[in-house]
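Visitor: Protein chains in written order, with numbering that gives the first Met the number 0: chain A, 0 to 990; chain B, 0 to 280.
Calculated from the structure, these hints are not laboratory results. All values reported here derive from a predicted model rather than from experimental measurement. Ideal Cβ positions, reconstructed from N, Cα and C, are used throughout, including at glycine. Any given hint might turn out to be false.
Which residues of chain B face chain A? A few of them, derived with a C-beta cut under 7 angstroms, are [what the hints assert, rightly or not]:
1) L24
2) G59
3) S124
4) G129
5) R130
6) I167
7) A235
8) P243
Now for the letters of each chain:
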Amino acid sequence: MKDVRGDVVRRQLAADHNVHVSEVRSIYGFLVNGETTAEPIAQRVDDLFADPIIEHGAVNTILLATEMFSGTPDTVITVGFKPGVTDNPGKAAKDGFTTLFPDDKNATVATYQTYAFYGLPDEIDSQWLAGTLHNTLIERALVADKSACSHQAWPELDYPTPPEQIFISPQPMNLECDDATLEEISVNGLLALNLEEMQTIQTHYRDEGVRASRNAVGIVADAPTDVELECLAQTWSEHCKHKIFASKIHHVDHETGEDTVIDSLFKTHIMTPTHDMQNDVDWLLSVFHDNSGVIAWDDTWSVCMKAETHNSPSALDPYGGAMTGIVGVNRDIMGTGLGARPIANTDVFCFGPPDWEGDLPENLFHPSRVLRGVHAGVRVGGNESGIPTVNGAIVFDDRYIGKPLVYCGTVGLMPRTLPDGRPSHIKTPVSGDVVYMVGGRVGYDGIHGATFSSLELTEESPSSAVQIGDPITQKKMLDMLLEARDEGLITCITDNGAGGLSSSIGEMAEYTNGCEIDLAQVPLKQAGLSPWEILVSESQERMTVAVKPEDQATFEALANLHEVEATAVATFTSTGMFHVRYDETTVAYLPIEFLHDGVPQLQLESEWTPPALAPFHPPSEADHSTLLIDMLQRPNIASKETWVRQYDHEVIAQTAIKPFVGVKRDGPGDAGVIAPIHGDPHGLVISCGIAPRYSDIDAGAMAAAAIDEAVRNAVCVGLDVDKMAGLDNFCWPDPIESVKTPDGRFKLAQLVRANRELERVCRAYRLPCVSGKDSMKNDYGSGPDKISIPPTLLFSLFGDQPDVRFSATSDFKRAGDRIYLVGTSKQELGASEISYMLKEQGQANGIGGNVPQLPNPKANLDTYRQLSKTIHQGLVKTAHDCSEGGVAIALAEMCIGGRVGADVDIDGTGDGDVWARLWGESLGRIIVAVPQEHEAAFLALMKGHPTTVLGTVTASSKLVITDGEDALLTTDVEGMADAWKGTLDMTGGVA
Amino acid sequence: MKPNVAVLFGFGINCDHETKAVFELVGATAERIHVNRFIDGDAELEAYDILAVPGGFSFGDHLGSGRLMGNRMRYAMRDALQNFVQAGKPIIGICNGFQVLVKTGLLPGPEAGTAPDFIQRGSLSLNDSGRYEDRWVTLEFDPDSPCVWTKGMTRMECPVRHGEGKYIMPTSEELDRLDANHQLTVRYVDPNTVPGEGRTDQQLPYPLSPNGSMRNIAGICDSTGLVFGLMPHPEAIYAQWLHPHHTRDGAQTHGLGAMDGWEGEGLQLFRNAVEHVRSNR
């Protein structure tokens, strides 16, 4: 019987490290910690731990010493979790164990994996090998090298017993000290509060009224408790309060001479435009204030969407960090309104080059390992939750080695009105409602995630900030909460993410103006957690739900049915106070207003000088056929199919346009389209745009390009441009000038420019941003070795698709169809993929020059609206967006999808030179193919919009491109497909 | 009265919504029922005409796909399941549901004429590729299969979405026995073969066979033909707009009804079972 688990290890060693091993065998081990003896377990081993048909099970036996393993392996490595780390298979095994041995209620199970290597090359160090198989932050490994194996000294892990936690009663934190000490308290406590914020807290406790009210409830009067200080640090963290987006910015532009003050980028450039648009349409139901933005989709249903990043955790533990990212944003959807059902995920990643051969800074993983881990995390998180991944992207740049970006988005669906008549997008808590913590328990894992992510990554970053998600616990909770919602049991719901209970209950308490929490009620993973830890721990899979007192019994019975833990931990009040007790002792007593609005506004400096870059001059002579093959192999362009196929993209039976299209289902999909109501072809488009390298020239252009790309992609599948909404997710390097960040003013100016373009383009496109997020400390290290990511805006879009039966895909359909370019190619090769490639190949000096701009977005929108009409009328079934690699790459991908050729002439497609028209990335361009019988109708609809005939789809299996009479390239379709699909395969073969 | 379908959910089953929907589209009444309601006695299996165990990741597939859910059903619903089959009522397991039915021993089950004995005879192991994949496959049905679900069906395209779909039995004699009874109901085939002539015992290469199953087995039934399980997802092609080629060869005309000209090939499978229940009344 084939040992696939072992063989996957063998293949990955070959693919990632070029290490070739003859064979790898695997053992799945279970450590049972309970009262049941070995004998009864041995009798049932095939009922639970081993499959009687395909596996061999044994109890208290070293399988390596049995006839199962003939011959002495060269190395044996056993990997298990460190104590306290989430062990999902162990948790499932415990559940199964309880089914078989119901009397052994307190038994627990931990898992490990053992790999035996045969035919290992002599030069391979077994410790190095172990390093490729585990992450020391969360896992432990034992190694038996060749000599140990020959002595049968097999590695045996003991049960991972977590260290005892010492309960520490709340301590007063003396803040009556000088400024230096205040800063020291913040730094040492990982509070991430600046001096002014510490002083604001200091001042609060000097107020006589505050002291009197504190005396009245028996809490230390003139100083915060550790619980309060931690709670404030979480609530006031950059992660939770978005202080940079809310700051007052003094902005100087040396190019234009502008000198101005911007009071909150968020309010000025994001919130105000959306609220203005909300006045004009009736479908923007809920924007900004909830966990995701909600739009009305039809009379019966509304949809919502949210995207988050999980960059710092993914840098430390790519698998766990990414998994908690995706299941975390799922909870944002569950916590929207009175609860929405997640129906689609999106994943966008930015990594270092997977074939990176340069040095790696301390404590950073190789990009290929980050890719594998992140991908596995979102794969498991999404697939096990039963949510299809319908759209995404993977972007590569050297600077993401310092910090990978992991964007996870989720779309939710909810009935506009619940059975009891309440609108589902409005929370309705009142004072007296009982607050439950539902789902997982609170543990030591996940303490300080919010404050940690507001600090730059260092070698000492804490392991407690890393967690592994548990999708099944969350799925059970989701099933239960949706039933509770439909039964009318929920008055308020939100997720427990950053900041834990302090944030979730704290934010919900704003509705009623107060709450009273008893931390002693909170169920713990292990005893001994101190009150502040219970309050701020970000342990996963938890929702906070408010229920009327009369509904408590029904709610608890439902939780019981679903085997979901639900514990009443708080009550809403109207006292104006965030009141936290541990049993009868008050441990925190903070005014709601101070907690949420007390943080002082940052004052920041921004200064723009355009970066001086060597301009891109293409070589005078070039073989464009060869360039096309080279470009198709670029990681930024190459097919991501190996990775994306491993996501379930069509569970729920709604995905009408899938990530891969065409004859062999390997051409690129431009956007996801779902028809979520079974039997009804009414569709929803989900797309994204991202263009980080344009920031090298101008972050404003980067933002405009991202938005236009998201819209273009959606138009290609038949978006109704008059009903679309967007999400802005900014990932920036630290833009606050400091010793560690001497170029902070420039980075902040980049942020200003990006926001201004975001507003300008979104207003022109009538595209409201309904939700968003920012992550502002994406740097690694400091000093000359500091790595800062390129400023990156991910723009996600969701919008209406009136009828999925009338949509289009990128694959060419049949020979004879006429090919058109909609839009115009301009002389805009700055920061293009071809410029980066030629620079890397030594063929060009720089990447500078004109970056793609969007001078007249209104005209683009009008063109897009017409093009959508041609799709809705069934005239056009083929459309593909032009982005990285321009017209040449778009045509190549369309040929690959259809496994056909095309004869194309790019003459007349714009004023640019041949490089600009072939490889340039000018915005606003879409290539379409039209059956000849629809050509006249198509042209009639596109009259007045830039539409240029390019040529014809052919049966020749060759893509031939000319510029007037000049031949540019001739490339075989299968050759293009091989080039495009090879780079990121990385599987080491199928079997 | 409409046939009444129990669609199980809970513990990580996740195709319950669409499975319920496809039964309703072919004229049944379908209800999502948490497995614990049957186990606790809050709901009675005998009140239903059809049982569907949908796809998903019950218990995260830890300890082997379908194992833990299979154990819960094997221990707590044994009599109810036995009575259900003996009453001539159809059961379907799709993907994770198939894995559950195999691990409970309901599939392929004992020889003809014997009541379900809950002994596991086959298994579903990790795909040869080692990867979970979502990819479309071509299936062909054994026209002589006793399976009530697949009557009249020849060929169908639909997605597989699994990491553990390689069907295995300990000996070829056991496979021969099933084949002789036409219980190897559905196989992966090469789409370039003539419809009706695609089934072969010869191992097809990846990705035609997405997992390396013995004899390219995609699904099997028990000796009665009532209990049927398969790894691919027929419910995922209930409408043609879910087919990856619908922009290439979807219907050009659109009738008044959304499904006019756009019904997917997978729907027939569910209709067959509903019709079977109707005709046996």
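Visitor: Less than 7 angstroms between beta-carbons is the criterion; does B/S124 satisfy it with respect to chain A?
Guide: holds (5 angstroms)
Visitor: Regarding the hint that B/G129 lies at the interface with chain A, is the smallest CB-CB distance below 7 angstroms?
Guide: holds (4 angstroms)
Visitor: Are B/P243 and chain A close enough, Cβ to Cβ, to be under 7 angstroms, as the hint says?
Guide: With a closest approach of 5 angstroms, the B/P243 hint holds.
Visitor: Taking the least C-beta to C-beta distance, is B/I167 closer than 7 angstroms to chain A?
Guide: holds (6 angstroms)
Visitor: With chain A as the partner, please determine if B/L24 meets the hint condition of a C-beta pair closer than 7 angstroms.
Guide: holds (6 angstroms)
Visitor: Hint B/A235 vs chain A: min CB-CB distance below 7 angstroms?
Guide: holds (5 angstroms)
Visitor: When the nearest CB of chain A is found for B/R130, is that gap smaller than 7 angstroms?
Guide: Status holds, d = 6 angstroms.
Visitor: Return the status of the interface hint for B/G59: holds when the least beta-carbon distance to chain A is below 7 angstroms, violated otherwise.
Guide: OK, holds: B/G59 within 7 angstroms of chain A, min 4 angstroms.
Hint compliance for this structure: every hint is met.
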